[in-house]
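Novice: So the chains spell out like this:
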Amino acid sequence: MKPPLRAILADDEPLARSYLRELLAAHPDVAILAECRNGLEAARAIAQHRPELAFLDIEMPKLDGFEVLDLAEAPLAVVFVTAFDHYAVRAFEAHAVDYLQKPFSAERLAAALQRVQQRIGVPRVLDANLLRREAFPDRPFAQRLAVKNGADIVLIEAADLDYATSEDDYVNLHVGAKSWLKHQSLASLEQTLDPRHFVRIHRTCLVNVERVARMEQETRDTWTVVLRGRTELRATRQGYLRLRAVLGV
Amino acid sequence: MGVFLRLLRRYVLAPAVALAAMLLAWALLGQPPLESEWPLLLGIGVVAYLLMTGWFQLLAAREEAAAAALRAQQAALLARDAELAALQARLRPHFLFNALQSVAALIGSNPNAGRQMCLDLADFLRARFESDPTRLVTLEDELRITHQYLAIERVRFADRLIWQEDIDPKALPLLVPPLILQPLVENALVHGLARLEDGGTVHLHAIVQADELMLSLDNPTEPRSRPAARKGQGLALVRDRLQAQYGVAARLTIERSSGNFRVILRMPAQGLP
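Residue numbers (this note's numbering), protein chains in the order written: chain Y, 96 to 344; chain H, 2 to 274.
In case anyone wonders, no lab produced these hints; they're calculated from the structure. For every residue, glycine included, the Cβ atom is placed at its ideal position computed from N, Cα and C. Take every hint as true, because none was put in to throw you off.
What the simulated footprint calls covered on chain H by chain Y, stretch by stretch (three residues with Cβ under 8 Å from a Cβ of chain Y suffice, anywhere in the stretch; the number is not a length):
1) 101–113
2) 186–199
Ranges of calculated distance between the beta carbons of each label pair, as one might list FRET restraints:
3) Asp-199(H) - Pro-99(Y): 29 to 35 Å
4) Leu-97(H) - Ser-283(Y): 31 to 37 Å
5) Ala-272(Y) - Leu-236(H): 36 to 42 Å
6) Asp-199(H) - Glu-305(Y): 31 to 37 Å
7) Leu-101(H) - Asp-247(Y): 34 to 40 Å
8) Val-209(H) - Ser-283(Y): 52 to 58 Å
9) Asp-133(H) - Glu-117(Y): 40 to 46 Å
10) Asp-199(H) - Ser-283(Y): 31 to 37 Å
11) Leu-120(H) - Glu-305(Y): 50 to 56 Å
12) Arg-185(Y) - Ala-67(H): 49 to 55 Å
Using the sequences and the accompanying hints, generate a full structural model.
Specialist: In structure tokens, the structure reads:
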């Protein structure tokens, strides 16, 4: 017999958790490793238990379901659970992501589990940030960024971010004197943030326009962007022009 | 049509009546008028004409005023009905599906509580669908429907939701637009408590000051939360409804401080006639 599927479930409502637990009791092929009351707990439980499957409510305190998925580094099958979200369901359908609409039946849960079983071991890339943008078209930009820091998770307000640089498969997020590494491409981060506040000035650098103190031309095609904290960043001609356009100068 | 009627009155009816008055006077004289009597006849004609046109003008002004009032009233009613219908329809499907999820869960674990929740939900829906959007209700009635709503949400939020109210007894019989409070409470839960791990206290105050009824609702928020992009569509609707009902005599204000969100409604203190 196959070992049971290792799963966690996350929902801020006790009743919703107990209902899912009750229905999952009929599936001995699924073992619940953790029940989480908010997104932060879920992200920690995923880091700690490395489950194969996560049932994630979308709207949760601290971190929403998409942010939890974004933080999961190991391959993870996700079943989103949502009460009613027209756009979210459309996004799930479009990206072949499993979901359950509350209230859901035992049969519907069984069908979702069957699909999950078929997909386990099939590598697939799921862009949580893209999903989130499609699911919440009325709030397309992230107000905060969730970053893993060892076993812990740090929340950074987007407005607090000074600039971000790309380093291999990571982005380095600079906040005051501190910096955090997040497993994400700079292009993906750029799409997540509001373009009226964050501008790509270089292939490897995204800057918060609020922090820009002045710009100095170095050569014909390169500029130096000086931030209020005296940090100097390199900008290409294109980046310089983009920054000027956003600053309106 | 109005213009035609006015011209008809001024240039046909009024002269005709003046002429008729002159003829009548002529007939009363009983004989062909003497030369000295011509000015009298002419005078009677002129006076009759002036009286008629004056009267017609008064009539026209009155009709105009009545039509304008009717138009304004109709426009206001239409606008109000549209807004009210929108508000009625804005029963958030999210709320309903979540409630049904709770019922489904309770039927397995606590059937009696599940039954109670079905009944609470039915009470709330009945009160909502039966409420006449164009008729004001007493604050007491509005509180009743709010409590029904809270009974349902309490199952979902469990101990994360604490409700407190301080109601001036003088406020209870005062009139408010129906469903003016419940959307505010819903807003406090969805955008406030739901985002807080430990929930918190939602506090309602009702105060009567001079000729004004003031309702204020406080809810905790995430300490650093910025106004979300989809903040208070409900609040905007409530504000529009107050305006439709009372014009400038009512207003909705929002006070945001770190970790707290307060909505204040002020409206004229009106009782049942």
